[in-house]
Every structure is written in C-alpha cells, then in structure tokens.
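Chain by chain, the residues run as shown.
2 protein chains.
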Amino acid sequence: MSDAKRVTAAVLLIGDEVLSGRTQDKNLQQIAQFLAPLGINVIECRTVPDEQDIIVDALNTLRARASYVFTTGGIGPTHDDITADAVAAAFGVPIDVRADALEIIEEWYARTQTPLTESRKRMARIPDGASLIDNPVTGAPGFQTGNVFTLAGVPKIARGMLEDIAHRLEGGAVTRSRSVKGEGLREGDIAVNLGALQEEFAQVSIGSYPYFLEVRDGEIRRGTHLVARSTDEDALDQVIERISVMVSDLGFEPQIDPEA
Amino acid sequence: MSDAKRVTAAVLLIGDEVLSGRTQDKNLQQIAQFLAPLGINVIECRTVPDEQDIIVDALNTLRARASYVFTTGGIGPTHDDITADAVAAAFGVPIDVRADALEIIEEWYARTQTPLTESRKRMARIPDGASLIDNPVTGAPGFQTGNVFTLAGVPKIARGMLEDIAHRLEGGAVTRSRSVKGEGLREGDIAVNLGALQEEFAQVSIGSYPYFLEVRDGEIRRGTHLVARSTDEDALDQVIERISVMVSDLGFEPQIDPEA
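Going down the list, the sequences are from chains A and B.
Going by this note's numbering, the residue at position 172 of the first sequence is 172; the numbering climbs one at a time, nothing skipped.
Going by this note's numbering, the residue at position 167 of the second sequence is 1167; the numbering climbs one at a time, nothing skipped.
No lab work stands behind these hints, which were simulated from the structure alone.
If you're wondering where the values come from, they're calculated on a predicted model, not measured in any experiment.
One thing to keep in mind: the hints can contain errors.
[Unchecked claim] The list that follows gives simulated cross-link-like pairs (lysine-lysine, DSSO-like), each with its CA atoms no further than 30 Å apart:
| # | chain 1 | residue 1 | chain 2 | residue 2 |
| --- | --- | --- | --- | --- |
| 1 | A | Lys5 | A | Lys121 |
| 2 | A | Lys5 | B | Lys1181 |
| 3 | A | Lys156 | B | Lys1156 |
| 4 | B | Lys1121 | A | Lys26 |
| 5 | A | Lys26 | B | Lys1156 |
| 6 | A | Lys121 | B | Lys1181 |
| 7 | B | Lys1005 | B | Lys1026 |
Make a model of the complete structure from these sequences and hints.
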C-alpha cells in the first residue's frame, strides 16, 4: 500500500424491512459511489433491526473504527423511528425537540399546506450538539453528530441529504478503479497469472468477478470482469495493460473500461 | 412477543466489490426471502472486505449470535477468494483440497470439457469436518461448517445452493407479513394512531414505510406502506383490519396485500 492518506467510512443500515427481505437496500451502493470520488472508502456495512440497544452497539463500534459513519433509516414520524434516540444514547447526550429543526419543519409543512401533527414534530428531535443536514425532498432534516451522519432511509431522500454533506468531509487519496471484461473468459483460466500479478503489484487491489447473464431461450452468457483499484494511477495503468495482454493471450477480446 | 420458537440467521456478505459500490448486493434479500417461510428471521447482516482477519472476527461474532449464518462470496478460484480459509481459521480447523470436493469438480469440468487447472482445484479446498453443498449452476460446491453455510457470491449460484440447504435447517414459528398501502397517505397523518396500536399489540411488529415514485413529467407519486409482522395470525388479522379502518377514516383507499 502507498503512503497516501487513508480515509474510511462505515455504513449502518437501520430497518427491519431490509433484514426481512421486503425492501432491497440501495443506500450502501449510492453512499459508496458518492464517497469514492472524495477519496473515502467504505470498509464495512452493517444492517440492523429497529432495536435501540443493537443500533447503539453497532454505532459505537463503527464510529470508533471508521473516519465517518453514515446511518440510513428510522428518522420519520412513526413509533418505529428510533434512530435519533439511538444516536443520542450512543453519544451519551440528551435529545429533545430542537427549535432550529422545528422551524425548518414548520416552514416546510406551511409551504406544502400539510398539517403539522404532534408526530411530525417528533422529527425535530435532534441530539444535543448535532448539526442539521438539509433535506431538499421532504423537509425534515438529517443531522451530524461527531463523525456520524444520520440520513433518511428512502434512497431519494438520502441522496438529497448527501449534497449537504460533501463539504463537511475531509477526503483522502482517491482510489481509482479500472476494469477489463473478458466475454467468455472463465476465472479459472486466468487465476494463476492474475495471482502472480497481484503479488507483483502490492499497491493495487485486483479482483476477479464472474458474471452469468440469462439471455433469450434460457441461454447463459458468461464471462469475467477483472477489476483493479489503487490510489497509484501509474501502477493501475500497468496492471490493466498486463491483464489485457493475459486475456488476449487466452484467446478472448479484452474490453477495457477506464472508469470501473 | 409470543412463546413461539425463535430461530435466527445472520448474513455475512464478503467482497470489496459490494463495499466499493461496484456491485449491488442481491443476496441478503434472496436469503431473507428464502428463510422467511421456514420460520427463520434474519437479525443482522454485515458486509466486509476480502481480508481474512476481518472475515474471521465477523464470522465468530455472528455464529455465536444467530442460529445460522450464511456467507456469500469469495469461494472462486482466484487469489482474492479467501473465504474457505477464513472459515477454517474461524473454526480453528485445518483446510486442504478434499477428495470428495475434487471429485465433484473433476466430473463437472470433464463433462463441460473445461481444463481442470491448478487454480480450479483450489475450489476443492474445504475446511475439515465441513459437509458439501451442491452447486447446480457451476459445479464447485459450497460447504456447511457447524451452523455456518458458505455460498457463492454470484446471486444465481447462491440461489442454486440454497436448494441443498433447506432440509438441513430446523425452522421456527413462521412470521407472517401483511400490509396496507395508502396511496397519498403520509406517515405523519397516521403516526399517533399507529403508535397506539403498536402499544396495544405487543406481539405484532408494525412498520411504516413511505414511498416516492417518480412518474412521468417529474411528477412524484407518494404514499405509505403499513406493514404488520407476527407469528400470531389472529393478532395480525386484527391489526390489519384496524389499520385499514384508520387509513379509510383519513380519507384514503386502503389496499390490503395479504402476503406482504
């Protein structure tokens, strides 16, 4: 590995609906793709149920382990929305309805002519000392507590909140990613040479990902994506060139993707 | 909660490609949906990189916490496939190429006229004492070590392997799930009554999930899914009926889905 600065993130997905299989999570992918160009790599993701003790434990582990933590889910107005209280408990700070958050919510609902119910006011419960995160989609803010960013679970809202986060993050060396696709290539054909190449280039992380696409008539099209990731662009270029030659030597057409 | 037997599962997704955002995981959802009818609920999911120490730590935590653990990813023939070694390390057992696994792989490759390279033989490395799991898609088996099931990362292959697992699992009380959709309903409209209903029915888990669908012309269609889950069918029926009335009283058309 190079000496480039390493900045890391962990993602905590909160919600019974993801664990039960009812909802397909999309937040890990969109958070990882948002952070990558900033030089921040996701090193772990946990998905936990709507239970305060479990959320608190996971949060305290992850915020000690990663530079930043992003939570999604559980900040709405209903009884199963317990993330704000869990974050406050994890940090050991009080929580109550906060005037700045309530003002944002009041203005939003006045503008959209929606009644401001008691339960909607619950969305203004913010841990002491946290700073708010704009929600351009539905008004009720997210919040930042130390190195922890608490976002909504609905992917469209979480995405909107990320726009108010980039400027708060100190990025690191950007990990670039390039890939070579070998249509028809099977992992076992290239594994030995690829392993030797990985030994040679310790500063590049080389991954091999087979794919199986079902095309018409139940026919399967298969092949392998060979992905190299590194903060060192020169080494990355060399590795991609070497992989292309390997794929070509095996009788397949290497298709280089310079951005993935 | 009722006295019904509680059987739990944890899912460990192994792979840099999921954490980097390159690949959208589909295995958590398909494993959860496979286990639900067997009365097994997923209580936690972790996604970790291709690093042995981290995999071992996560595996040892999860296998102590849940009745069953399902890992996906990292059992192919390339240098980044380290899951089998990590499982062996977690259980403190030796690992080597095993004759039974090698025979399966040899037969498969002979049949598909694919050369059996040294790296493909690597897929026959199985922890001592593990039992094999059929792979109807690409031959190379998964394996069961104690309460841990190690599956491939490609969703199609993982799905195939699950077929050889159901008969090994001791299920519990099946959690049924029903939902009421309120098109146009917003969470804040129903939150107070829903919270009171949750208080009344401790044996049912009630969740509220807003949705935002972008339809033509950038127009947003929104509403809320109200989901009840329980092992107690009578209580579930009562809760769904009560929620339907609430939605109706608020002026929206309740759409009941008896299976989700």
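We went through each hint and held it up to the structure:
For a cut-off of 30 Å, the pair hint linking Lys5 (chain A) to Lys121 (chain A) is broken: about 42 Å separates their Cα positions. With a C-alpha separation of about 48 Å, the suggested pairing of Lys5 (chain A) with Lys1181 (chain B) is violated against the 30 Å cut-off. Annotation: proposed proximity of Lys156 (chain A) to Lys1156 (chain B) holds, straight-line Cα distance about 28 Å (limit 30 Å). Restraint check: the Cα-Cα separation between Lys1121 (chain B) and Lys26 (chain A) comes to about 36 Å, which exceeds 30 Å; the hinted pair is violated.
For the hint pairing Lys26 (chain A) with Lys1156 (chain B), the CA-to-CA distance comes to about 19 Å; that is within 30 Å, so the pair holds. Distance check on the hinted pair: Lys121 (chain A) and Lys1181 (chain B) sit about 24 Å apart at the alpha-carbon level, within 30 Å; holds. A distance of roughly 28 Å separates the Cα atoms of Lys1005 (chain B) and Lys1026 (chain B); the hinted pair therefore holds under the 30 Å criterion.
The structure fails hints 1, 2 and 4 (numbered hints given earlier, in ascending order).
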